[in-house]
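Q: Take a look at the letters that make up each chain.
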Amino acid sequence: MGVARQPATGPDIVDLADTAGVARPGSIGPTDMVQLLDAQGRRVSDDAFGPYADALDPQTLRGFYKDMAVVRRFDAEATALQRQGELALWVPVIGQEAAQIGSGRALAAADYVFPTYREHGVALTRGLDLADLFKLFRGISNGGWDPRETNFHLYTLVLAAQTLHAVGYAMGIKRELDAGLATEPAAVVAYFGDGSSSEGDVHESMVFATSFNAPVVFFCQNNEWAISVPFSVQSKVPLANRAAGYGMPGIRVDGNDVLAVHAVTQWALEHARAGKGPVLIEAATYRLGAHTTADDPTKYRPSAEEAAWRARDPLLRLETYLRTEGLADDAFFRQVKDDGDALAAHVRSAALALTGEGFERRFATVYAEAHPLVAEEAAWFAQYAASFEDADPSDSTREGGVA
Amino acid sequence: MSTTMTMAKAINAGLRATLAGDDKTLLMGEDIGPLGGVYRVTEGLAREFGTDRVVDTPLGESGIVGTAIGLALRGFRPICEIQFDGFVFPGFNQITTQLAKIHTRSDGMLSVPVVIRIPYGGGIGSIEHHSESPEALFAHTAGLRIITPSNPHDAYWMIQQAAACADPVIVFEPKRRYWLKGEVDTAAPARDPFSAQVVREGTDATVVAYGPLVPVALAAANAAAQDGHSLEVIDLRSISPIDFDTIAASVEKTGRLIVTHEAPTFGGIGGEIAARISERCFYALEAPAMRVGGFHMPYPVARVEEHYLPDIDRILEAFDRALAY
Numbered sequence: 064m065g066v067a068r069q070p071a072t073g074p075d076i077v078d079l080a081d082t083a084g085v086a087r088p089g090s091i092g093p094t095d096m097v098q099l100l101d102a103q104g105r106r107v108s109d110d111a112f113g114p115y116a117d118a119l120d121p122q123t124l125r126g127f128y129k130d131m132a133v134v135r136r137f138d139a140e141a142t143a144l145q146r147q148g149e150l151a152l153w154v155p156v157i158g159q160e161a162a163q164i165g166s167g168r169a170l171a172a173a174d175y176v177f178p179t180y181r182e183h184g185v186a187l188t189r190g191l192d193l194a195d196l197f198k199l200f201r202g203i204s205n206g207g208w209d210p211r212e213t214n215f216h217l218y219t220l221v222l223a224a225q226t227l228h229a230v231g232y233a234m235g236i237k238r239e240l241d242a243g244l245a246t247e248p249a250a251v252v253a254y255f256g257d258g259s260s261s262e263g264d265v266h267e268s269m270v271f272a273t274s275f276n277a278p279v280v281f282f283c284q285n286n287e288w289a290i291s292v293p294f295s296v297q298s299k300v301p302l303a304n305r306a307a308g309y310g311m312p313g314i315r316v317d318g319n320d321v322l323a324v325h326a327v328t329q330w331a332l333e334h335a336r337a338g339k340g341p342v343l344i345e346a347a348t349y350r351l352g353a354h355t356t357a358d359d360p361t362k363y364r365p366s367a368e369e370a371a372w373r374a375r376d377p378l379l380r381l382e383t384y385l386r387t388e389g390l391a392d393d394a395f396f397r398q399v400k401d402d403g404d405a406l407a408a409h410v411r412s413a414a415l416a417l418t419g420e421g422f423e424r425r426f427a428t429v430y431a432e433a434h435p436l437v438a439e440e441a442a443w444f445a446q447y448a449a450s451f452e453d454a455d456p457s458d459s460t461r462e463g464g465v466a
Numbered sequence: 048m049s050t051t052m053t054m055a056k057a058i059n060a061g062l063r064a065t066l067a068g069d070d071k072t073l074l075m076g077e078d079i080g081p082l083g084g085v086y087r088v089t090e091g092l093a094r095e096f097g098t099d100r101v102v103d104t105p106l107g108e109s110g111i112v113g114t115a116i117g118l119a120l121r122g123f124r125p126i127c128e129i130q131f132d133g134f135v136f137p138g139f140n141q142i143t144t145q146l147a148k149i150h151t152r153s154d155g156m157l158s159v160p161v162v163i164r165i166p167y168g169g170g171i172g173s174i175e176h177h178s179e180s181p182e183a184l185f186a187h188t189a190g191l192r193i194i195t196p197s198n199p200h201d202a203y204w205m206i207q208q209a210a211a212c213a214d215p216v217i218v219f220e221p222k223r224r225y226w227l228k229g230e231v232d233t234a235a236p237a238r239d240p241f242s243a244q245v246v247r248e249g250t251d252a253t254v255v256a257y258g259p260l261v262p263v264a265l266a267a268a269n270a271a272a273q274d275g276h277s278l279e280v281i282d283l284r285s286i287s288p289i290d291f292d293t294i295a296a297s298v299e300k301t302g303r304l305i306v307t308h309e310a311p312t313f314g315g316i317g318g319e320i321a322a323r324i325s326e327r328c329f330y331a332l333e334a335p336a337m338r339v340g341g342f343h344m345p346y347p348v349a350r351v352e353e354h355y356l357p358d359i360d361r362i363l364e365a366f367d368r369a370l371a372y
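Top line first, the protein sequences correspond to chains A and B. Position in the first sequence counted from 1, then plus 63, gives you the working numbering. Position in the second sequence counted from 1, then plus 47, gives you the working numbering.
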């Protein structure tokens, strides 16, 4: 077992860090990261993390596959909706299903997630109606759901800003535990990417997290590309290596291996919930699709690279494993396909039915308390809008001026 | 119950009352614990409430504001101190793209009641980045509230009101008035923090000032009185929202408006007040609204800052110009 789980700031980490190789940026392979299921779908032994996978029953393993498959189907439907003009933009998640389902399924109900804008798989694991994600991309809302219902925060578009919110939220959990206001330990997961890792907020969030021993897991999906810029421009070392500099454990994991991701995230969450402080996980994965539907990867990366990563597909390897071990049959995979199609049909009809609130509502959400300027402008707009009510409907300014 | 204290002590007392009154409040900032802050505004609070309520953070303004947002999402009410005006900018992103927007982003479901205290303004002979007045940059951002006390009594109450507000509030504290003494009535019912106050009545012109320039405007009114002119002085108190009703009522009476602030005149709060009052009081105005502010330059070096800062003479010069119409 070779692991770039970087070192060694607590006794339990020393136990785990039997090897601490330094990986080359962008490299993947069994020698420098945690892997429990290789690209051919074979179980890899691992003394530290293997037991987590060994403890999973067949139903859970099938559940991982189903989650990944329906998210991929959902993602395809969303991309189609964008192409058909029903969404302004879509952010494909294809290729990163294992990183998201593996980490999301490791969470407990009381844990809290701060996503970027690509965590559709994590959203599924939190119980979100995935159609709610479309409110953002259909111009209905800048949020779209009540985060308190699923402990899944709103998507944050300014890169890395949410990592600090996650740390603050985790500091709050710790304060409650320390003050006896809460009894159930909980942890927070801050999702971010290899591009975001260059943002100063990631640095400050790791400084604050370690300084205050906050129960937070930094989960970086290193998908190799920040739009068109390769990971080698962001960092000369694997991001997990940076953890040592902050004084927390860092684990590099095969992000296309759902079992390994689930295992290391479970370990990290237990670590955080036990009051031992933050953990950095770097999930080595690949953005098989475009950055967004407005992007064109053919301009900046060779198709051979994509092909190489398709061979490491997270769904394929779990399917192979499930079939080889006799844990799932054709009927199961047919059912999963049907489930994915059903989800796609649901989100499509839900998307087309989405109607936003009127412009007037925007005035009402700027401030929580009464605000005279907003009230004045809202009143003015209402009067202005009303002035069009008797106007000739063929007047072209009507449509352009007031919805 | 009335007590004489400096503005710094008044803010300290206001913070003490806030911490004592609500377990969910906490102070966060650089050097605010055992040291009591570089201006000693939080002096003694760490000893009294513990360093888990008065938290010395790592040195990172984005981190301070960003983690305060997370704490607020968890139900806490953080009061952040930014050490100096010019050092708020590393936290500007978190304040403008996150703090100001989370309520509306969530369609009103989430609130982030974070208070950010910022000592601001010049006149203390300091070095670069320690004398700035960046309030207009924040006032332009919907979702934030901005208040600035000019005297100890307001300082005592307004910090408590900011802490109780469901919206994010930036409290700009006029650092050159930290040592200004005044009466603080800790039993008086607090005035609406988002309202302006007529602090001197007059008939010939309305001078709107806030924060550090309120005493200057009052001194200008005193000087004008010796020449037989009567200036009404309004302490704006709230920069966002602005209490235009109080200003308009005054200008309807005086017919002239002078707005003064240390921040650069161009694109400043004075321009917004001048425009709004021109719309509302056009027929009452005897002269165009006059602005007396800083020049369009980065805050100058301390040796020459007296020429940059609005003073009695520049306010009176503007008044003379207004009279000449």
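Source of the hints: derived by calculation from the structure; they are not laboratory data. Don't take each hint at face value.
To be verified - Below 20 Å or equal to it, Euclidean Cα-Cα: the simulated DMTMM-like pairs (lysine to aspartate or glutamate) are: (1) A:339 <-> B:99; (2) B:71 <-> A:393; (3) B:300 <-> A:239; (4) A:129 <-> A:393; (5) B:228 <-> B:90; (6) B:300 <-> A:247.
Q: Hinted pair, alpha-carbon criterion (20 Å max): residue 71 of chain B, residue 393 of chain A. Please report holds or violated.
A: violated, 55 Å
Q: Compare the distance between the alpha carbons of residue 339 of chain A and residue 99 of chain B with 20 Å, and conclude whether the hinted pair is satisfied.
A: Within the cut-off at roughly 18 Å; holds.
Q: Does residue 300 of chain B pair with residue 247 of chain A here, judged by a C-alpha cut-off of 20 Å?
A: Violated - the C-alpha atoms of residue 247 of chain A and residue 300 of chain B are around 63 Å apart, more than 20 Å.
Q: Taking 20 Å as the top limit, are the C-alpha atoms of residue 300 of chain B and residue 239 of chain A close enough?
A: Distance ~55 Å between residue 300 of chain B and residue 239 of chain A Cα, so the pair is violated.
Q: Given the hint that residue 228 of chain B pairs with residue 90 of chain B, test it: the Cα-Cα distance must not exceed 20 Å.
A: Distance ~17 Å between residue 228 of chain B and residue 90 of chain B Cα, so the pair holds.
Q: Is it true that the CA of residue 129 of chain A sits at most 20 Å from the CA of residue 393 of chain A?
A: Cα-Cα ~13 Å, so holds.
Going through the hint list in order, the structure does not satisfy hints 2, 3, 6.
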